[in-house]
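Asker: One-letter residues, chain by chain:
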Amino acid sequence: MRRPNWVPEGTDLDKPNAARVYDYYLGGSHNFEVDREMARKAIALWPELPQIMRSNRAFLRRAVQFAAERGIGRFLDIGSGIPTFGAVHEIARAIRPEARVVYVDRDPVAVAHSRLLLEEDPGSSVVQADVRDVEDLMSRPEVTELLAAGEPVAVLLVAVMHFVQDAEDPWKLIAVIRDALPPGSALVLSHASLEGRPDQAEDHQRLYRMTPTPLTMRTHEQITAMFEGFELVEPGVVYLPQWRPDQPETVGEHPERMTGVAGVGLRP
Amino acid sequence: MTEAPEPSSGAERFHEDWARLLSGDHGTAVHPGLLGRLVSRTAGLLHRAQLDHPFEPQLAAEAGAELVDAHFTDPVVLARAVELLQRQRAADGRGPAVSGAFAAGWAAALRERTLREQEAIRTAADVARKEAERALRASEARFRALFESAAIGIGIGDTNGNILAVNKALQELFGAGPDDMIGRRVGDLVHPEDADGVWEAYEDLISGKRDYFQFDKPYYRQDGEIVWTHLTVSLIRDDDGLPQYQVAMLEDVTDRYRLQERLRHQATHDPLTGLPNRAAFFERLEKLFEDPDPGARFGLCYVDLDGFKVVNDSLGHDTGDELLCAVAARLKAALTPLGHLVARLGGDEFVVLLEKSRGEQEAVAAAKTVLKALAGPVLIGDHKLAVGASVGVLERRVSTTTPGAAVRAADLTLYRAKEAGRGRWILFDPKENARAVSRYAVSVRMPAALDRGEFFIDYQPLYALADGRLAAVEALVRWRHPQMGVLGPDEFVTTAEETGLIMPLGRWVLEQACGQAADWIKRFGDAAPQLNVNLAVRQARSAALVGDLGRILDTTGLDPARLQLEITESTVVGPEDEALRTLHGLVGLGVSLAVDDFGTGWSNLAYLRDLPVSGLKIAGSFVGDLHDPAKDEETGWRIVSGLVSMAHALGLTVTAEGVETGRDAERLRVIGCDWAQGWHFGRPVRPSEIARRIAEEPRGRPVAD
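Residue numbers (our numbering), protein chains in the order written: chain A, 1 to 268; chain B, 1 to 705.
Among the clues, some could well be false.
[Stated by the list, open to error] One-sided excerpt, in silico: chain B residues whose CB lies under 10 Å from chain A: (1) D25; (2) T73; (3) I121; (4) E261; (5) R264; (6) H265.
Just so you know, the hints here were simulated from the structure itself, not pulled from any lab data.
Cβ atoms here follow ideal geometry from the backbone N, Cα and C, with glycine treated the same way.
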């Protein structure tokens, strides 16, 4: 049964939160001891995690640049978390100063933080919603307004869908979003993959079971299937550093160690 | 003052190293353009800090701060930056001071940034918490409003059954204040009319075996009134899935229930007296038979008022109705406290049902109670009406009968009570019942049977013992009863006499038989037998009989001399009996008479002398008794012989009935008995069989064979 949305979601500061843990990996201080404790454990198990997160952040930056350079001026960042640095609107506006961004996150603390940060920015808004209740998300006034103009919109699902379990059918959720997008829109997606570091996957997923957002790593094939209805741009779904690197040498010798895969698809 | 102390090649190398340092790790996440500008600006600042005069350590600190602002917060970056700076040659030995200032600037900026971010995230958490609290309060307010102003009653209880909260609607439903209800226990809300299973469902719910149940359930209000509710109870579990609360929602369905009850009452109660009606009685009775305990007994008292018709006819229906109401009230008052059901079956018929009888005595006691209750006169208007009743009592084990059979038996027992005289009860007797069943079946069906052509006539031959000639045939009416098969006259003639149907039936028999006899005479002449027809007492007393018979003889063309009517001894009871006139009238038509079944009635020989009869038929029991081992055969023969002598002395022809053997026939012939009938000579047969005998036995048959 769907919970009526006027029943509030609690703020549980006693549990680690993915957005704040991510911030810690990236060297930020927008986090609490409970988040850091979890992050330290994760890093102890998997010392490359901060690098992986930076790699993910770098993909986000390159993908937003790519979209903006293609003329996309509207962005829907789902699972935006805490925009420690390099927030979407900053990246996009370097290319398209009029760019508009709607940030969406389900964590009330991340949303409150984003609102404080973006109070003065008329081109940005923040919505508290959950991608798993995608009809609710897509019906929010900020979102419908973003889509209403019929201009292409870049939807960002960066390091988000691995927090959606199979039972919740992430492919279906994306399809619902896709069907609401005007032609020329883009899907920007990165996702933890099982193939990069199979040795780490199980431990890592176990660790995330402590959080309100358990982690589900998926195969390359499963992740590629999320682009159904989109045309993948070159180079397709690849390891994070391999996606349109600034310079060939920044890919590094072992891009698979970054474990995440990413891609950008365009809606015909 | 800004003269460069070092060759530009050193500065260029530093710039390259610096750019390489910043473009790794975190730098990959930064836009290359931005990164390039950051590299140039910070390298410039450091360059100036190393070489400018006077030495401004602040420039190095600024460079450190800029890195932190660009999110280069990894201490590894600081270590490698200091390393790079130390390799640079600075003016006047200020190298360590430049590094120190850079590191201090980086650290100070990081500290500021950390504090700022901590502050920001705490503020955000605070905002979020407040927002959540506000939302929770709003949600609570909504729920409270929902709870308080809901039209249906809502109560919350713990899993121990303590009531914790009740809303206004529930208070109104119970006509109680919150203090009357909170702290009470759910288990106290039991009601005798609770549906089966409701409390089992409740136990299952609070123990977590089920999450939900629904029932229609009555409750006592604070004022003692009953309120009917549609009850839904749901279980609330805690985070670990353990039962925590129960929430009951109660919708007042009293009106609906009352309407249903009224409709049901109307369907199951007699509108005049308010007693359960026939349908309700049968429903209750049939329920007893659904799943009875072995040995379970029940009782029925069928009650019929004596003389109700008189009251109704003479004082009017209104008075009759009032009388019925008064009777109903008395029966109810007397028998309901004993735990018995009183119902009105219709008209002036009532029934008392003992659903759990302890034995015959209890049913008899109930019947006596009925009679006692109706013993005193009923005052209606100015009339003091004495009502009595007759009661048929049946008390049986449930397993030995069926509802239908029991009701029929009780009804027939009542009929016997009526017959036996008013104001009494009679207990069911299986033998009497069997008899009554046939009479009942007979009397109900007979009026229509004649019209439907269900009657027919068989003929039993009478032979002359002297020459074995077929002397006569006795017409015997038969009834082909649709349910009971072919019935003989002994099984329905008494009823026909009681109901008066004997008149048309008797007329019909005469018409048929006379027509048949005339037909035989036409076909066989003198060889055709005489026709004997039985005359019922009531027929003999009817003044119309002589006229009817005259018409029939005319119509059929039968010679009256070929017809003999058989009467019984009880047809004439005294010298002044009006039946005598009829009998003389019949004889006047040229018809002869015979006394049938002689020896079984009063056998007043004196009257026999005065009757215009020409024949006598000795009852079959005399011949039958000859073979009773308990009785002396020779004495029997002497009686038969005496009867024959006496009849001959009076000039009567004698017929022996019930002759079953050739030996008896021979002895009767020797005694001088004129005619004989019985199985030895032939059972009653169809007319065609008689015709065959007439044709095949022109010289008669041997008597003794």
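Asker: Could you run down the list of hints and mark each one as holding or not?
Answerer: Going down the list of hints, with the structure as the test:
About 6 Å separates the beta-carbon of B:D25 from the nearest beta-carbon of chain A, less than 10 Å, and the hint is met. Evaluation of the B:T73 hint against chain A yields a held restraint, the C-beta minimum of about 4 Å falling below 10 Å. For B:I121, the shortest C-beta to C-beta distance to chain A is roughly 4 Å, which falls under 10 Å, so the interface hint holds. Using the Cβ-Cβ criterion of 10 Å, the hint placing B:E261 at the interface with chain A is not satisfied: the shortest such distance is roughly 37 Å.
Below 10 Å, beta-carbon pairs count as interface contacts, and B:R264 has none with chain A, the closest being about 38 Å; its hint is therefore violated. The criterion of a C-beta within 10 Å of any C-beta in chain A is not met by B:H265, whose closest approach is roughly 42 Å, and the hint is violated.
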